[in-house]
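*Asks:* For the sequence shown, the numbering used here gives the first residue as 10, with consecutive numbering after it.
Hints were generated in silico from the structure; no laboratory data involved. It is possible that some hints are incorrect.
[What the hints assert, rightly or not] Pairs of lysine to any residue, SDA-like flavour, derived with a Cα cap of 20 Å:
1) K422 x L274
2) K385 x N360
3) K422 x R173
4) K385 x T196
[As the list claims (entries may be wrong)] Here are the simulated distance ranges between beta carbons:
5) R268 x K422: 24 to 34 Å
6) A152 x L379: 26 to 36 Å
7) S225 x R309: 21 to 31 Å
8) L134 x V156: 12 to 22 Å
The C-beta atom is built at its ideal place from N, Cα and C for all residues, glycine as well.
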Amino acid sequence: MTSQDTENVTVQHDGVSEPEARHLFGRRFVLGVLAVGGVAAATAVSVLSGINIAEGASRTQVFVPIAVFMAFGVIAIATTRFDIYLAGAVAARASLDAAKLSSNSGAPGVDLTGVFAVMFIVFGLLWLFAQRPLRGSLAPIVAPFVVLIGLATLSVAFTPQVARGLRELSRLGAILILLIVLHEFLTTRRRQRLILGAVFLSAVPPIVVAAFQLASNTQLFSAGGFDRVTGTFTHPNPLATYLTLVIILGVAVLPHVRRWYRVGLILLIGAGAWTLLLTYTRSGWIAVFLGLVVVGYYQRGILLPMLGVFAIVGAIALPVVAGRFADLSEGATASGEPVNSLEWRLLTWENALGAVENPIVGMGLRSSDLLTDANKLPHNDFVRMYVELGVIGFLVYLWFLAASWRIAAKALKASTEGFNRGLAVGFAGVATAFLILSVVSNLLSQLVLLWYFAIVASLAWSTTVVANEPADTPA
10 MTSQDTENVT VQHDGVSEPE ARHLFGRRFV LGVLAVGGVA AATAVSVLSG INIAEGASRT
70 QVFVPIAVFM AFGVIAIATT RFDIYLAGAV AARASLDAAK LSSNSGAPGV DLTGVFAVMF
130 IVFGLLWLFA QRPLRGSLAP IVAPFVVLIG LATLSVAFTP QVARGLRELS RLGAILILLI
190 VLHEFLTTRR RQRLILGAVF LSAVPPIVVA AFQLASNTQL FSAGGFDRVT GTFTHPNPLA
250 TYLTLVIILG VAVLPHVRRW YRVGLILLIG AGAWTLLLTY TRSGWIAVFL GLVVVGYYQR
310 GILLPMLGVF AIVGAIALPV VAGRFADLSE GATASGEPVN SLEWRLLTWE NALGAVENPI
370 VGMGLRSSDL LTDANKLPHN DFVRMYVELG VIGFLVYLWF LAASWRIAAK ALKASTEGFN
430 RGLAVGFAGV ATAFLILSVV SNLLSQLVLL WYFAIVASLA WSTTVVANEP ADTPA
């Protein structure tokens with residue numbers, strides 16, 4: 010076959026025709042270099058911004074490298090290379106939460122996560138418009154998420170903080186656009202690998218910044234006698250939840266990646282596990298353990314190695330773990346104030362539930378931290394949905410969780426081996442951890458966590474579209 014003949018062939022990738030892949034040694038190679046370069050640039054920018062934060066640099070210094078990446082995203086869109094922007098956005102999102110600009114007077118400044126959400130909505134809608142007509146059979150979690158956004162939109166009319174409600178609404182909108190974009194985008198094995206790789210790269214900046222915080226003894230979160238790392242997040246708890254998702258997914262796909270990628274992934278999982286330990290987040294430890302038990306159940310071949318790792322890590326970390334759980338046995342002070350986080354949560358839930366005046370529609374989006382005696386979010390997404398969106402919102406959230414398990418069930422049924430099996434098993438473990446953490450955390454207010462949960466869910470759902478690979482053909 011001549012080179013001219015090769016130019017006219019429609020290449021099959023994972024059972025899906027890709028006419029754009031005809032220029033096998035030209036365009037595809039260039040696009041691959043651009044995609045890798047975009048993700049690498051996003052990772053480097055995130056590390057630089059995170060280190061600036063850890064060193065106590067001004068928010069403007071933090072903003073400059075991030076602004077450069079934002080400009081890169083605009084250029085990528087302008088040149089129709091949306092895959093570069095999408096992979097970069099996935100890689101960078103975990104590093105944005107701590108980067109909020111404020112004025113010298115301490116007044117609230119620019120919220121980069123809000124800017125990121127609006128930009129992603131705009132770029133995502135433009136890309137979706139260019140892809141029309143769109144494919145059917147959206148992931149099951151899209152429908153309850155649309156209803157949830159509808160309820161949240163209506164609740165903004167009577168929330169005590171309209172600006173905060175609108176800001177959170179824009180972020181929820183970005184998650185919805187992300188779900189639809191990934192549904193359209195994840196149609197080939199190459200695209201699955203691109204997004205999965207971006208997810209793992211996104212963990213590098215938080216881990217590096219956490220290591221810098223520990224080594225320099227700066228920017229640590231001190232509470233209960235423990236100095237906890239926060240990485241590129243504003244608090245140890247969301248960092249722990251994020252690492253929980255990454256570790257579970259990494260362990261699940263580990264048997265299905267090539268040898269050298271496997272070495273890198275093992276190092277990332279190990280560093281992530283150590284960082285998770287240094288967050289001193291009990292709920293994260295429990296969630297990652299139970300999530301990995303689910304992974305081990307579905308992938309029996311890695312169960313024994315996992316148990317060995319647990320034994321080693323447990324022996325090393327036993328004093329830390331024992332010390333962190335010790336305060337749960339302490340009761341309240343003489344004045345009735347809680348002295349441990351469990352007692353505090355129970356009191357907060359009681360106060361939040363007692364503040365609801367209209368149980369049907371609730372008090373409005375982002376109102377639970379303002380209208381309760383504790384003046385904080387409830388640290389329980391079930392309680393929060395009831396308080397802010399009423400019984401209707403609570404039921405919709407249950408629908409969302411049930412839809413997540415439906416994705417896991419369908420993905421497990423569709424993929425019995427190979428790379429797809431790893432994605433399906435990974436989401437089953439992630440969904441388990443997400444459910445557990447919803448009981449004691451503010452996952453819905455930490456939209457970066459919803460961002461990565463939606464990505465893992467979309468990767469799992471894509472296994473029903475992308476042809477499966479044999480077990481002896483690692484990704």
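*Asks:* Kindly confirm whether 12 to 22 Å is satisfied by the beta carbon distance between L134 and V156.
*Replies:* holds (20 Å)
*Asks:* Against the 20 Å threshold, does the CA-CA distance of K422 and R173 hold or violate the hint?
*Replies:* With Cα atoms ~41 Å apart, K422 and R173 exceed 20 Å; violated.
*Asks:* Take the C-alpha atoms of K385 and N360, compute the straight-line distance between them, and say whether it is at most 20 Å.
*Replies:* holds (10 Å)
*Asks:* Could you see if the CB distance from A152 to L379 stays within 26 to 36 Å?
*Replies:* holds (30 Å)
*Asks:* Take the C-beta atom of S225 and the C-beta atom of R309, compute their distance, and say whether it sits inside 21 to 31 Å.
*Replies:* Between S225 and R309, where Cβ atoms are some 43 Å apart, the hint is violated.
*Asks:* Verify the proposed pairing of K422 with L274, using a straight-line Cα cut of 20 Å.
*Replies:* Roughly 26 Å separates the two Cα atoms, so the pair is violated.
*Asks:* Lying within 24 to 34 Å: is that true of the beta-carbon distance R268 to K422?
*Replies:* About 29 Å separates the Cβ atoms of R268 and K422, which means 24 to 34 Å holds.
*Asks:* Compare the distance between the alpha carbons of K385 and T196 with 20 Å, and conclude whether the hinted pair is satisfied.
*Replies:* violated (42 Å)
Checked against the numbered hints above, the structure breaks hints 1, 3, 4 and 7 and satisfies the rest.
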